[in-house]
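The whole structure should be built from the sequences, with the hints applied where relevant.
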Amino acid sequence: MSKIPLQFRHNGRDVAIFVDGGTNLLVALRELIGDMTPKFGCGQGGCGTCSVLIDGELHLSCLTLAETVAGRSVETLDGMKQGPNLHPLQRAFADNFAAQCGYCTPGMLMAAKALLDRNPSPSRADVIEAISGNICRCTGYEPIINAILAAAGGRASA
Amino acid sequence: MTRHRGRGMASINYPIGMNLGGDPSQALVHSNPSGKFTVALSSIDLGQGMKSVTRQICAETLGVPVEDVYVDTADSDTGPHCMGSFASRGTHRVGNAVMAAAREARGVMMEAAAEELEVNAADLETDGRGNIHVKGAPHRSISTKDVAIAAQFRQGRTISGRGIFLVPLSDVDPETGEMSPATCYAHACLVAEVEVDDETGEVAMVRMDSAYELGRALNPRLVEQQLVGGAWMGVSHALYETPEPYYPDPAHGPRDFVEYLMPGPGDICPHDIAVLERPAPDGPFGAKGPGEMCANPVLPAIANAIFNAVGVRIDELPITPEKVLRAIKAQGGARPQARR
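Residue numbers (the working numbering), protein chains in the order written: chain C, 6 to 163; chain D, 229 to 568.
Source of the hints: derived by calculation from the structure; they are not laboratory data.
None of these values were measured; they are calculated from a predicted model.
A hint or two may mislead.
Residues from chain C that face chain D, not an exhaustive set, calculated with beta carbons under 10 Å [unchecked claim]:
1) F23
2) V24
3) G27
4) T28
5) C52
6) G84
7) G107
8) Y108
9) P127
10) A135
11) N139
12) C141
13) G145
All C-beta atoms in this analysis are idealised placements derived from N, C-alpha and C, irrespective of residue type, glycine included.
The structure is reproduced here in structure tokens:
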């Protein structure tokens with residue numbers, strides 16, 4: 006099969022790669038670009054840990070054909086930190102013990118970022134709705150919900 | 229259609245670790261020439277925080293800052309042997325092994341420091357901030373870094389220690405059938421409140437209140453996150469999860485995360501937790517372990533709450549809406565029990 010040239014913005018940086026037709030964005034990010042922050046969980050949209058933002062909108066990278074992001078902007082957890090500092094959401098996740106094994110954390114953070122970017126002061130119900138496509142096995146969700154609400158509160162008061 | 233509230237309670241007496249041929253774990257501690265310490269383990273941290281807790285235990289025993297200790301669990305092939313991370317045994321078994329190893333390493337560190345300061349090791353103490361000094365004379369001091377360098381390059385000594393903690397095999401007494409399978413027990417009590425829909429058989433969690441007695445909480449925040457997350461797993465086992473819903477018939481088994489049901493963030497309920505600290509005589513700094521046991525009382529408490537709500541006794545897990553509905557129909561309708 007011939008390779009397809011593909012260019013897009015990855016965390017604010019232009020990247021150019023060659024992909025096989027049918028390659029999904031998760032594989033392109035992890036294996037061709039080397040960004041290991043989106044995780045492979047189920048490969049069929051059931052767990053949410055591969056979540057990324059495409060032009061600011063939350064998407065499951067395992068269900069997204071790589072070639073469909075041509076010319077678009079893809080954000081992953083790798084681009085979330087602000088220079089040497091953690092993003093307020095990352096800080097809040099640490100402060101609220103919102104990660105145990107950590108496998109869901111990249112997807113949770115991206116889902117949370119997508120929420121706060123469009124709704125800076127969400128209700129608890131908004132937060133629950135926003136992360137309902139992401140499975141967490143360890144925390145019981147409560148610390149994650151609290152972390153996102155804390156990050157939103159901090160942002161509002163800042 | 230009516231939604232019936234019910235409340236159920238369960239208490240557990242949880243043995244820490246297991247006893248099938250003895251239950252050992254080993255640890256090795258050594259200093260690097262930088263004066264930092266490495267704890268080598270093959271015990272696995274699944275995310276509950278065993279690395280954090282063993283780091284604290286090692287630092288406290290050595291008398292050095294926690295920042296000066298690194299816990300390496302990289303390789304179970306080359307690391308000192310551990311039975312595994314299960315049965316709430318990590319803090320208790322591995323923690324005790326780390327404590328023993330750190331105690332031995334501390335002995336060598338104090339000998340090496342004594343040689344440098346030209347005093348008796350018994351007259352030295354650590355300040356917990358990376359220094360060793362003569363008791364009553366803090367100015368006669370040497371940093372653990374300088375001790376490590378001296379041991380490595382001048383004295384030709386390894387500042388290291390070995391540790392093992394073994395709960396020996398408990399045989400069954402042939403006369404009485406008695407045995408002592410565990411040396412350390414944690415305890416918990418949990419009250420679950422549920423709402424059962426008598427038309428659909430669905431069970432919704434309303435709230436949980438629990439009390440856990442788990443020895444000394446070496447890291448209270450890690451204990452709390454374990455108890456919160458573990459209770460969720462208990463709810464999941466009680467009401468949702470199964471690979472074979474019609475066991476032994478494998479039909480309708482889930483094939484992926486879409487079909488394998490678990491409670492989502494919208495299915496959780498408020499959970500008030502009280503932690504009681506009664507130090508365990510044989511635990512590291514009195515710790516028992518909050519691991520597996522934090523899921524256990526949830527299941528019987530929910531089963532009891534469902535009985536209290538609609539009068540049906542489901543004794544197969546998970547308690548699915550189908551099982552609840554069939555049982556309600558079999559007894560001719562919901563029979564709410566007295567609220568206690």
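- Message: The hint names C/C52 as touching chain D; please verify it with the least Cβ-Cβ distance against 10 Å.
- Response: At 5 Å from the nearest chain D Cβ, C/C52 passes the 10 Å test, so the hint holds.
- Message: Can you verify the interface hint for C/Y108: is its Cβ closer than 10 Å to any Cβ in chain D?
- Response: holds, 8 Å
- Task: Would you check whether C/G27 satisfies its interface hint, that is, whether its CB is within less than 10 Å of any CB in chain D?
- Result: violated, 20 Å
- Item | Interface hint status, C/G145 versus chain D (Cβ within 10 Å) | holds, 3 Å
- When the least beta-carbon distance from C/P127 to chain D is tested against 10 Å, hint result: Violated. Min distance 13 Å.
- Supplied contact hint for C/A135, tested at 10 Å Cβ to chain D: holds, 9 Å
- Interface hint for C/N139, Cβ within 10 Å of any Cβ on chain D: Check passed: Cβ of C/N139 comes within 8 Å of chain D, closer than 10 Å.
- Would the stated hint for C/F23 survive a check requiring a Cβ distance to chain D of less than 10 Å? violated, 31 Å
- Please verify that hint: C/V24, Cβ, nearest Cβ of chain D, below 10 Å or not. Result: violated, 25 Å to nearest chain D Cβ.
- Message: Let's test the interface hint: is any C-beta of chain D closer than 10 Å to that of C/C141?
- Response: holds, 8 Å
- Query: With 10 Å as the cut and Cβ atoms as the points, is C/G107 at the interface with chain D?
  - Reply: holds, 6 Å
- Item | C/G84 as an interface hint toward chain D, with CB separation required under 10 Å | For C/G84, the interface hint is violated, since the closest Cβ of chain D sits about 24 Å away, which is over 10 Å.
Hint compliance for this structure: hints 1, 2, 3, 4, 6 and 9 are not met, and every other hint is.
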